[in-house]
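Q: One-letter residues, chain by chain:
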Amino acid sequence: DGGITQSPKYLFRKEGQNVTLSCEQNLNHDAMYWYRQDPGQGLRLIYYSQIVNDFQKGDIAEGYSVSREKKESFPLTVTSAQKNPTAFYLCASRSNTEAFFGQGTRLTVV
Amino acid sequence: DQQVKQNSPSLSVQEGRISILNCDYTNSMFDYFLWYKKYPAEGPTFLISISSIKDKNEDGRFTVFLNKSAKHLSLHIVPSQPGDSAVYFCAASFGTASKLTFGTGTRLQVTL
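Protein chains in written order, with this note's numbering: chain A, 236 to 345; chain B, -2 to 109.
Hints are computed from structural coordinates only; laboratory data are not their basis.
A hint or two may mislead.
To be verified - Keeping only pairs whose Cα atoms sit at most 30 Å apart, straight-line, the calculated DSSO-like set for lysine-lysine is:
hint	chain 1	residue 1	chain 2	residue 2
1	B	2	B	35
2	B	68	B	35
3	A	249	B	51
4	B	35	A	292
5	A	292	A	306
6	B	68	A	318
7	B	35	B	65
8	A	318	A	249
9	B	51	B	2
10	B	53	A	305
11	A	244	B	35
12	B	65	A	318
13	A	306	B	35
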């Protein structure tokens, strides 16, 4: 059945290491998004892609990178340049109505 | 610059009563609005949406009202149930296919 899958659900990273969060969708949606949620804050947009091989910075792109080589996949790399990477990361895809979200990845820097 | 605002961080309502969650936006170019429900450590799930050509949309116990002149929307849940306890986010976009801008969320607690 169709959906959007994020993996892993929990991720631990040592300071100074890059880490890549996976996001895959089989909804045939053109647009995909990465959001970050911190306690007491809403969902803040990191990067988005409206079509394959194209992506745009969101409101808090510093310290992150993405790629969109396939329609189904939109991986997010959290680099060592991201000052406060510990957060809950959400991936979404959208067609012409609502956006569908994955179950999220909780990243903890140790 | 918070373009979508939910000024009430939390709301407590008795079971069976009406829950009213509010949302304000500043960008008059937003023309599509959505409400999402979120449980801890899970992704948000879509509840209901409204286009700016309407002022009301209903789906079962959920109704969204849009006041374009006031740049304000609200979500009404009637009757409220304990399973409605969650964080509710409103979101806005330009059209139906662009990025979503979210508010900070309102935590709803429905008590027995």
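Q: Are there hints from earlier that the structure breaks, and if so, what are their numbers?
A: 3, 6, 10, 12
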